[in-house]
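Spelled out, the chains give:
There are 4 protein chains.
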Amino acid sequence: MGNTFGQLFRVTTFGESHGGGIGVIIDGCPPKIDISEAEIQQELDRRRPGQSKITTQRKEEDRCEILSGVFEGKTLGTPIAILVRNKDARPEDYAEIARKFRPSHADFTYEAKYGIRNWQGGGRASARETIGRVAASAVAKKILSIVCPESEIVAYVAQIHEIAAKINRSVVTMEDVEKNTVRCPDGAAAKKMASLIEQVRVDGDSIGGVIECVARGIPPGLGEPVFDKLEADLAKAMLSIPATKGFEIGSGFTATRMRGSEHNDPFEMRAGKIRTATNNSGGVQGGISNGEEIYFRIGFKPIATIAYEQKTVTASREQTKLAARGRHDPCVLPRAVPIVEAMAAIVLCDHALRQKAIGSPGWSE
Amino acid sequence: MGNTFGQLFRVTTFGESHGGGIGVIIDGCPPKIDISEAEIQQELDRRRPGQSKITTQRKEEDRCEILSGVFEGKTLGTPIAILVRNKDARPEDYAEIARKFRPSHADFTYEAKYGIRNWQGGGRASARETIGRVAASAVAKKILSIVCPESEIVAYVAQIHEIAAKINRSVVTMEDVEKNTVRCPDGAAAKKMASLIEQVRVDGDSIGGVIECVARGIPPGLGEPVFDKLEADLAKAMLSIPATKGFEIGSGFTATRMRGSEHNDPFEMRAGKIRTATNNSGGVQGGISNGEEIYFRIGFKPIATIAYEQKTVTASREQTKLAARGRHDPCVLPRAVPIVEAMAAIVLCDHALRQKAIGSPGWSE
Amino acid sequence: MGNTFGQLFRVTTFGESHGGGIGVIIDGCPPKIDISEAEIQQELDRRRPGQSKITTQRKEEDRCEILSGVFEGKTLGTPIAILVRNKDARPEDYAEIARKFRPSHADFTYEAKYGIRNWQGGGRASARETIGRVAASAVAKKILSIVCPESEIVAYVAQIHEIAAKINRSVVTMEDVEKNTVRCPDGAAAKKMASLIEQVRVDGDSIGGVIECVARGIPPGLGEPVFDKLEADLAKAMLSIPATKGFEIGSGFTATRMRGSEHNDPFEMRAGKIRTATNNSGGVQGGISNGEEIYFRIGFKPIATIAYEQKTVTASREQTKLAARGRHDPCVLPRAVPIVEAMAAIVLCDHALRQKAIGSPGWSE
Amino acid sequence: MGNTFGQLFRVTTFGESHGGGIGVIIDGCPPKIDISEAEIQQELDRRRPGQSKITTQRKEEDRCEILSGVFEGKTLGTPIAILVRNKDARPEDYAEIARKFRPSHADFTYEAKYGIRNWQGGGRASARETIGRVAASAVAKKILSIVCPESEIVAYVAQIHEIAAKINRSVVTMEDVEKNTVRCPDGAAAKKMASLIEQVRVDGDSIGGVIECVARGIPPGLGEPVFDKLEADLAKAMLSIPATKGFEIGSGFTATRMRGSEHNDPFEMRAGKIRTATNNSGGVQGGISNGEEIYFRIGFKPIATIAYEQKTVTASREQTKLAARGRHDPCVLPRAVPIVEAMAAIVLCDHALRQKAIGSPGWSE
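Protein chains in written order, with the numbering used here: chain A, 2 to 366; chain B, 2 to 366; chain C, 2 to 366; chain D, 2 to 366.
What the hints contain is simulated information worked out from the structure, not anything from laboratory work. Take these hints with a grain of salt, some might be off.
Remember, identical chains collapse to one label, so a pair may be satisfied in a single copy or spanning two.
[To be verified] Below are the DSBU-like pairs computed for lysine-lysine, each with C-alpha atoms no more than 35 Å apart in a straight line:
{"#": "1", "residue 1": "Lys-193", "residue 2": "Lys-33"}
{"#": "2", "residue 1": "Lys-33", "residue 2": "Lys-312"}
{"#": "3", "residue 1": "Lys-192", "residue 2": "Lys-33"}
{"#": "4", "residue 1": "Lys-357", "residue 2": "Lys-274"}
{"#": "5", "residue 1": "Lys-322", "residue 2": "Lys-274"}
{"#": "6", "residue 1": "Lys-33", "residue 2": "Lys-167"}
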């Protein structure tokens, strides 16, 4: 259980890092939407490892195949199944991990929960699982481009370790983000980040950071109080991404040190629309979008698998040491950027369809 | 939509702050569990306003009535419906709000989404909605006490504005928390907080802060990868509470400035069990509990309704000013403590039942 | 679990026949729909017992109260909670049933499943539970009247024991149905049915029959292949009504004795629309409505609780005999007519909203 | 939407009759259950066409591949994805159908709903979709064999057109069923049925019938009132199978002509257990299994695609005639037997896991 996300745009992922393949079924996609393997592949290529020396050297082609739900380039309204074959398995890389629990990885908890695990790579806990999410997001973005034609989602690295970037979230574009391998649109900060990541790789260590995501052009009215508030579903979506430890929207934890008179976003009329003068709310009030920019930040821990020697125990409960081999990212954030975008698109698409069902004419139009 | 939470322990809340009443239906509660209105009332009394001068002066009795699902003091396995009548309505308090959107409140977004709203109080967006959640949590805690007999959930105020408390989360008890009206177990900090809140009330302003919650004694194995990871469901639960802006588990955003070699929690054998030497993970690895303390922090913004005069617009789109009247909390955190606990109990109970269904014998036993 | 029905128009019922009350929460109702307690009461009055000598003499007022979700006569888009208090409890009527399992009733299976049951009346298994469904259907019908303005649902008694009625399902109206207490629009048959039911009452026995339901004016396109086919959801809805044993749509079991060349409904153009010349399909093809009349039949068994002495066992597993006392319908069908209509309306409303979400442009328009 | 079935054992199918492939994702399968491609293939082979001259001559190999969720022959607790490639496409067979709506087929309704359809074969409406269900049932049966070790599900053809078989449902085995190509364990009737089917094929026509299914050894307590009654979920499952028009459980429509005193199943003590003397209930009372045989009947219409020339309209709304070419079953029932069994197994497995979650102590044990 737990492998399906969304109410109307329902994404079910499957697959371990090793085995037949990884993929997704999308149920609830409206019919007659143009979609091609090439468009999905483009999204997948952004999350693929092996793109530069700062990410893992594992070489995967990750070619996607649409198995169903699309006919002559258009969606049928039936489930869209997308498959990416696993390749490049080197089980010998994982021989040691088969017996020793990696500290802070999912090895131990999968054993505790299931009494069994695919020890080849991370199995189901591998970040490779997110291929299905990213593939689904290509479809979600297409739907959003129809239902919310003004919408645009951009994610980027905002901080690596102590290096914080300066980014104007209202104007930053995906092109800005893709300019460098760190996916940080602040060029100066990006350079420092790249050096630090390379240093950490040499050290056999890993490093965390913050990804920020902004969704512009989302109309007022998305979000379903009380439990499926837009920020609640975004929080769940983001915390379901491997290696995440925190989520904040709008002013976030900074709000905890503010007074209402500073924090409140005064309403004003602008270009004939009700707008807010500031945006501490992060585009969401009472769980519903208010038409302003939706922005949020996700905290990533340094990933668990490191070459650095650590204390741990074996599956047979003996104390031991482990220095992981294999190809691992020293810093997962550059590759996580498209995953954050993907989950944001899936959440917004689902809520857009939910809102369509109850047919709000939209008070503010 | 969006008023149901949980997969097996399903909580559906209903009710506006004004109107017939507020309540909840719990579906999926196992049979033959002892529960009484008195036990539910005890939980409700903890979240009730009017308990001290630092919280809202609105006087509500909030007497709960079990309408169904319980017979001769025991659950029947059928839906448990609990109702709390609304009383003490003073619509005149809300006359101004009927026309003017409160900045950063849900007034505007509800109008934008639904084209209609109950302007008396916050309607559905009122914190009064959480009565249903707290009532349900009394049942969830009972189930947890059977399924996870060692379990214990304690929440407390960890920070108000700039005042941070010092609390040993491994030993803090609910009694410690209830010692003062701020619900901060650090007595010295609590005093400062109380003074600050009183000052803010006098100013007609409001103030935010942080609540921390710890769940001890949760066995390994709870949480359903990949989307229903334990931290993902906790994040959603917490961000569904009014006035929340952020969530972090374990090391949280601090992890973003750490290296893997510092952050990883080494495994060790302790008292015959696999344990971690540190707990940056916050008791969850790969979305599944690892048997350590689960702890997380929730950031609350200062609440929106303040007496302070602010710029806003009217429902007919004219620029205006608003200084809210009525009885409002200057600081929601003391009353939010039992709500955080409630949502934590509901998430853990749901996952405990989900795990029961697939019957993991538990590798670590 | 199992007390919620529907995907977008979500109906959750609660309540036992004895205890605080019976009711329903409707989640997913669009905003700004006119609804009043009077309209809901009108539906409830149709299913109320005590209307004539052929139904149970139990006198219930069954006054409904809207607890939430409606403001100034209009839906808010928030959950609509409706409560009907239980009255007129006479536990002494049930003293014997507390110890002896009624043959073919739910007494034994509830004990087997839950290890506990509310033995006062049928508890949760009482037909009184359907109050919640009927209340919800008043809202569903309102939504249908907006989304499918041509739609009309009529149910009626088509057969009691061996007495079959002759009814033209294409023209029968609710007024025709309500003309007599049997709710059979064939007046001659109705008379015979009424006599038979009265005879069966005198015998202390009970009797079954068939209810037919027709939904006219449903546009093409409702139904979600493959599992949520319109006929599949109708079948589930109808078999969830107490005392039902069978469901057939269109030609039903008669189709099993036909050839394709007889059974197929040829398409033809009529008034500019694609129509079928015959309607063995019952308005549904491939799980999706085709614009023709949707009609189906539900088989009801004679109800279990009879005054007639029967062999049974006690809760302590001793052989015994039981002749039930109390007020029981000899024939449930007249009162089940509005329940069948209610469930049909709920299914169609849910599917209409689901179709709205994916935005059927409507090929045939 | 609508492509997922089950609450805890969740089956999501995908695929059209033509295109990349057909398959299923199973979410919620407990870990450490032995399963192999060979076992799944065995179930698939039973539903495969081309086995005899009485079924369609379309030659498909339908080799299944497990893509995920199984490691070294055991389930991981993660989603099990199973894929069967489509082969043997002959689009030219479908050229005519691309323009002309087959009477009583899903062609028109898919167009009406989605505005698009895969006209190659039945697309998503093809019976080929049931491959995913049958594959999933191999897993469901494995789980049932652990959770309900006494359980056994047998389905068989009980009637073809006017030919009714005589079968003792309490002793019939799958071996009896598989003895002949008609899958009717009454040898004499089977012979007549085979002749009739062959005759109908020669006529270019099709023919309907009834499949009966019995589940023995199901313990008391499965089924979730009120909406997810066992018979309600079975009814939905069966009516979701292509070409079905009716469902009845136990006495079914025969009950409509009975009195309570005849129909009620008296309780008696037998071998220390509470049993019923008769079984008109069909093993289900109040929506919950009572430990007796669960048996039900499903009415199948003659399939729509026939060589016989029929009146219809084109997609461009012109009156025309159609005599379908290609390879089509004159009678779908023999091949539908394993599909009925599959859906029964999926429903019972799901309810067994649901019951496990609420921990029935089992009153009757």
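Structure-based check of all given hints:
1. Lys-193 x Lys-33: neither (46 Å within a copy, 47 Å between copies)
2. Lys-33 x Lys-312: between (55 Å within a copy, 29 Å between copies)
3. Lys-192 x Lys-33: neither (44 Å within a copy, 48 Å between copies)
4. Lys-357 x Lys-274: both (21 Å within a copy, 27 Å between copies)
5. Lys-322 x Lys-274: between (62 Å within a copy, 17 Å between copies)
6. Lys-33 x Lys-167: neither (41 Å within a copy, 45 Å between copies)
When each numbered hint is compared with the structure, violations occur for hints 1, 3, 6.
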